[in-house]
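Enquirer: Sequence:
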Amino acid sequence: MKRSESAPALELAWTEQAVRDLDAIADFIAIDDAVAAVRWVDELVAAAEPVRHAPRMGRKVPEFARADVREVIHGAYRIVYRIAPERIEVLTVFEGHRLLRPSSR
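Residue 92 in my numbering is what sits at position 92 of the sequence shown, and the numbering runs on without skipping anything.
Everything labelled a hint here was simulated from the structure, so no lab data went into it. Backbone N, C-alpha and C define an ideal beta-carbon position, used for all residues, glycine too.
Between beta-carbon pairs, the in silico distance windows are:
#	residue 1	residue 2	range
1	ALA36	THR15	21 to 29 Å
2	ALA84	ALA30	28 to 36 Å
3	GLY75	VAL19	14 to 22 Å
4	PRO8	GLU63	30 to 38 Å
5	VAL35	GLU86	32 to 40 Å
6	ASP33	PHE64	30 to 38 Å
7	ASP68	ALA34	32 to 40 Å
8	THR15	ILE73	16 to 24 Å
9	VAL19	ARG66	18 to 26 Å
10	ARG59	ALA13	14 to 22 Å
Build the full structure now, drawing on both the sequences and the hints.
Expert: The structure is reproduced here in structure tokens:
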């Protein structure tokens, strides 16, 4: 079944790895500015929200070229997610100049 614009939003689930990634990003930024760290992590989380309504909005992750593993870019970060039947799973968040390792899927 094709999702229409009126279809309900899918659940957005953050994996343990993705939460650890956000924590590490926040810790790194907080070295210089704790307020900026919280603000940036909030922005990353908000940047993932639109995929709940349009799961295929992100591009296919070039390292894998799988239709169900996609990403959105926010600033210099890649937010990688997998489209599951009933939800979207955020798999990892990392700096965009790095490649996604197979263990991150």
